[in-house]
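Protein chains in written order, with UniProt numbering: chain Y, 1 to 400; chain U, 1 to 400.
Among these hints, one or two may not hold up.
Subject to a maximum C-alpha distance of 27 Å in a straight line, what follows is the list of computed DSS-like cross-link-like pairs (lysine-lysine) [said to hold, decoys possible]: (1) Lys12/Y - Lys264/U; (2) Lys399/Y - Lys34/Y; (3) Lys50/U - Lys23/Y; (4) Lys270/Y - Lys12/U; (5) Lys12/U - Lys264/Y; (6) Lys50/U - Lys58/Y; (7) Lys264/Y - Lys196/Y; (8) Lys301/Y - Lys58/U; (9) Lys58/U - Lys301/U; (10) Lys151/Y - Lys323/Y; (11) Lys357/U - Lys323/U; (12) Lys228/U - Lys50/Y; (13) Lys228/U - Lys270/U; (14) Lys357/U - Lys259/Y; (15) Lys327/U - Lys151/U; (16) Lys270/Y - Lys23/U.
Everything labelled a hint here was simulated from the structure, so no lab data went into it.
Number of protein chains: 2
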Amino acid sequence: MAFVNENYCNLKESFLFADIAHKVSAYAEAHPDKKIIRLGIGDVTLPLAKCVVDAMAKAVAEMGVQSTFRGYGPEQGYDFLHAALVKYYASFGVTLESDEIFISDGAKSDCANITDIFSNANTILIPDPVYPVYLDTNIMCGRHIIYMEGKPENDFLPMPDENVKADVIYLCSPNNPTGSAYTKEQLEEWVAYALKNDAVILYDAAYEAYVTDPAIPRSIFVIEDAKKCAIELCSLSKTAGFTGTRCGYTVVPHALVRKTESGKEMELNKMWLRRQTTKFNGVPYIIQRGAEAVFSEEGIKQCRESIAYYQENARIIMEGFDKVGIKYYGGVHSPYIWLQCPDGMSSWEFFDFLLEKLQVVGTPGAGFGKMGEGFFRLTAFGSRENTIEAMERIINGLKK
Amino acid sequence: MAFVNENYCNLKESFLFADIAHKVSAYAEAHPDKKIIRLGIGDVTLPLAKCVVDAMAKAVAEMGVQSTFRGYGPEQGYDFLHAALVKYYASFGVTLESDEIFISDGAKSDCANITDIFSNANTILIPDPVYPVYLDTNIMCGRHIIYMEGKPENDFLPMPDENVKADVIYLCSPNNPTGSAYTKEQLEEWVAYALKNDAVILYDAAYEAYVTDPAIPRSIFVIEDAKKCAIELCSLSKTAGFTGTRCGYTVVPHALVRKTESGKEMELNKMWLRRQTTKFNGVPYIIQRGAEAVFSEEGIKQCRESIAYYQENARIIMEGFDKVGIKYYGGVHSPYIWLQCPDGMSSWEFFDFLLEKLQVVGTPGAGFGKMGEGFFRLTAFGSRENTIEAMERIINGLKK
Chain Y
1 MAFVNENYCN LKESFLFADI AHKVSAYAEA HPDKKIIRLG IGDVTLPLAK CVVDAMAKAV
61 AEMGVQSTFR GYGPEQGYDF LHAALVKYYA SFGVTLESDE IFISDGAKSD CANITDIFSN
121 ANTILIPDPV YPVYLDTNIM CGRHIIYMEG KPENDFLPMP DENVKADVIY LCSPNNPTGS
181 AYTKEQLEEW VAYALKNDAV ILYDAAYEAY VTDPAIPRSI FVIEDAKKCA IELCSLSKTA
241 GFTGTRCGYT VVPHALVRKT ESGKEMELNK MWLRRQTTKF NGVPYIIQRG AEAVFSEEGI
301 KQCRESIAYY QENARIIMEG FDKVGIKYYG GVHSPYIWLQ CPDGMSSWEF FDFLLEKLQV
361 VGTPGAGFGK MGEGFFRLTA FGSRENTIEA MERIINGLKK
Chain U
1 MAFVNENYCN LKESFLFADI AHKVSAYAEA HPDKKIIRLG IGDVTLPLAK CVVDAMAKAV
61 AEMGVQSTFR GYGPEQGYDF LHAALVKYYA SFGVTLESDE IFISDGAKSD CANITDIFSN
121 ANTILIPDPV YPVYLDTNIM CGRHIIYMEG KPENDFLPMP DENVKADVIY LCSPNNPTGS
181 AYTKEQLEEW VAYALKNDAV ILYDAAYEAY VTDPAIPRSI FVIEDAKKCA IELCSLSKTA
241 GFTGTRCGYT VVPHALVRKT ESGKEMELNK MWLRRQTTKF NGVPYIIQRG AEAVFSEEGI
301 KQCRESIAYY QENARIIMEG FDKVGIKYYG GVHSPYIWLQ CPDGMSSWEF FDFLLEKLQV
361 VGTPGAGFGK MGEGFFRLTA FGSRENTIEA MERIINGLKK
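Kindly produce the complete structure, drawing on both the sequences and the hints.
Dropping the structure here:
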């Protein structure tokens, strides 16, 4: 008799975005005359950069001609993309070997699949509030999960606690959903904790391209010895608008070595290579050519223009909240603005207020964990016009 | 202390293709004047069909324009591709619901990742010889694996044995590496076994497009009640030359229900949906548009032309072996010809003979499992000219 995975029974159904969609559509139906502005979306809206489109168009044409057609590629990605990423990392001071970089279809897949190479006996440390994938993928393999609290007192940047023993630690900086970003000194503390405890940090750098201050690390590998205790996951989704184009990369340094429970020493880079060559067949050649263009001089320039557009939206949102005295986090090194709901409202009360009184849609912080209760996420991915109008409505609405 | 997955120590390093590459390059270096013909490759060589290239070029252009840009898509794939597949399946008599089909980046990923939704306590039944992914992915999660023997006596099509209790069963038909294909009657026996034992069949149909006889099933779901005991994995790699373009699909019927060890009844379709929405972010929009074109009337016609080209190569190979009295399997419903090495040679002896005497490269059967010893795989993916020349060399070489 085939048994199915019991751990799936422990997953909570997430109704967050379904509930939001339901409420918004019910409101829209009852009030067809009202213009609803959506600033809850965690997805980019600007098109791909021209040089990326050109590179993919060229690659598509190559696939139709026998002499340039490409079949199976290397599971870990083409050398041309590794080379582009080695150069990109060097631009912020990180030296990588080509074979420390694994091209993937996105950070979501990798931050979930990376669990494969770890023992199920590990204790997993996860921030709250959090991107739900870290939590659910570990529940699926029945692991012991503990939480660290993000809260106003620590600017939603939880720090290591020597009394807590964690084996695998998820960090996301700049953070989804709070937009907070660790400083170099804070990451040094995390690296010191991980080295002392032989822990491994899974560092999600999906929003690194939004970092505006050179003092804020764009990679955990700017920290000395981080290569001995960290895996970095990154994505082109927010860097280059690849949410529907799908490409990311994961860095597993050769220096990262841990033991099995029976004491066998393993290089995690080799384990991940084995995992990927066994369970994955690489990212489409066409997409890898697009990704290569992202990291070209012209590509970086074009992608920066889109990011600057979103950053100006974020600035407009922050300026609005400054005017009405609402406390917020993020927004500077992140497309996310994480705000404290006014007047002691709960996340969902504020959601209802924004929708019903002002016709603005955001995301209740409570959807990202219990520490998110009383907070709310707005994103900078709307159009300029809608962002300005939404903030005018909010400023006027909260003044009343 | 973070422990890594002990099961990885039980994986055998596969040197098959590395060993082949090493031997071939050493020979080529020592004999620069000799023309080596490679018929070992398991990868397509003809370019993508024109209508597929056109569809992807259009999709690439859409991604560069704000009004047609696509961000995150549904993890399980776009409705337009589901609709195309529902129609495709109907063409060989299988009725599917749209939400029974999950679009993926290929059958390799899915036949590996599908292990996630099963308990590690299951006994896994795997054919020998076999595509190594079935084996290695189950070793990675520490499962009990048993084998069923493919051999000349059963035409390399092992059948169920009532004395063997298996929970999860991998079947691949038409088979890689042997090219053998189960008849409808044989699959009915497998379905009866699975239903009787509450087992689940993981049916790899990656080569279904090579079936030439309507009496040979192209889907396990032509068998009555197979929806109660089977998951089907398929790929566009060999159907449409997508080995470097990456798209596949997995069918998990709603009727497939099994229990957890504690007795909770679960619909596997819902479990797989949860797995995919948690750990995967879908196939690139551009690629899905290409896949949609594969299943259009024009696309099917164009892809069939490439398959016909490979099938003619297979016919030439089989005709050659008929002339010299070499026994083989496959080749009819498959791009693979699985032959018995002549004169009692081992797989590697025959490899060396072909390389050194005739400058033809194939794949030693022993690389696919112990039952492959004494057998050898040639593929129909070479050019017509090379296939003809290789067979002339083999015919003349074996006559001597």
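_Hinted pair, alpha-carbon criterion (27 Å max): lysine 228/U, lysine 50/Y. Please report holds or violated._
violated, 49 Å
*Is lysine 327/U within 27 Å of lysine 151/U, Cα to Cα?*
Since the Cα atoms of lysine 327/U and lysine 151/U sit roughly 12 Å apart, the hinted pair holds (cutoff 27 Å).
*Pair hint outcome, lysine 58/U versus lysine 301/U [Cα-Cα no greater than 27 Å]*: This hinted pair holds, its Cα atoms lying about 20 Å apart.
*Please work out if lysine 12/U and lysine 264/Y have their alpha carbons no farther apart than 27 Å.*
With Cα atoms ~16 Å apart, lysine 12/U and lysine 264/Y stay inside 27 Å; holds.
*For the pair we were handed, lysine 50/U and lysine 58/Y, check the Cα-Cα distance against 27 Å.*
Given that 27 Å is the threshold and the Cα spacing comes to 15 Å, the pair holds.
_Given hint lysine 196/Y paired with lysine 264/Y - CA-CA distance at most 27 Å_ = holds, 20 Å
*Restraint check for lysine 399/Y with lysine 34/Y, where alpha carbons must lie at most 27 Å apart*: Distance of about 21 Å is within 27 Å: holds.
_Check whether the Cα positions of lysine 228/U and lysine 270/U lie no farther apart than 27 Å._
This hinted pair holds, its Cα atoms lying about 14 Å apart.
*Decide if the proposed pair is consistent with the structure: lysine 270/Y and lysine 12/U, CA atoms, cutoff 27 Å inclusive.*
Holds, because 13 Å separates the two Cα atoms, which is no more than 27 Å.
_Just to be careful, I want the Cα atoms of lysine 270/Y and lysine 23/U compared with a cutoff of 27 Å; is the pair within it?_
holds, 24 Å
_What's the verdict on lysine 357/U and lysine 259/Y, does the C-alpha distance respect the 27 Å limit or exceed it?_
It is violated: about 48 Å lies between the C-alpha atoms, which goes past 27 Å.
*For the pair we were handed, lysine 50/U and lysine 23/Y, check the Cα-Cα distance against 27 Å.*
Answer violated: lysine 50/U to lysine 23/Y is near 45 Å, above 27 Å.
Going through the hint list in order, the structure does not satisfy hints 3, 12 and 14.
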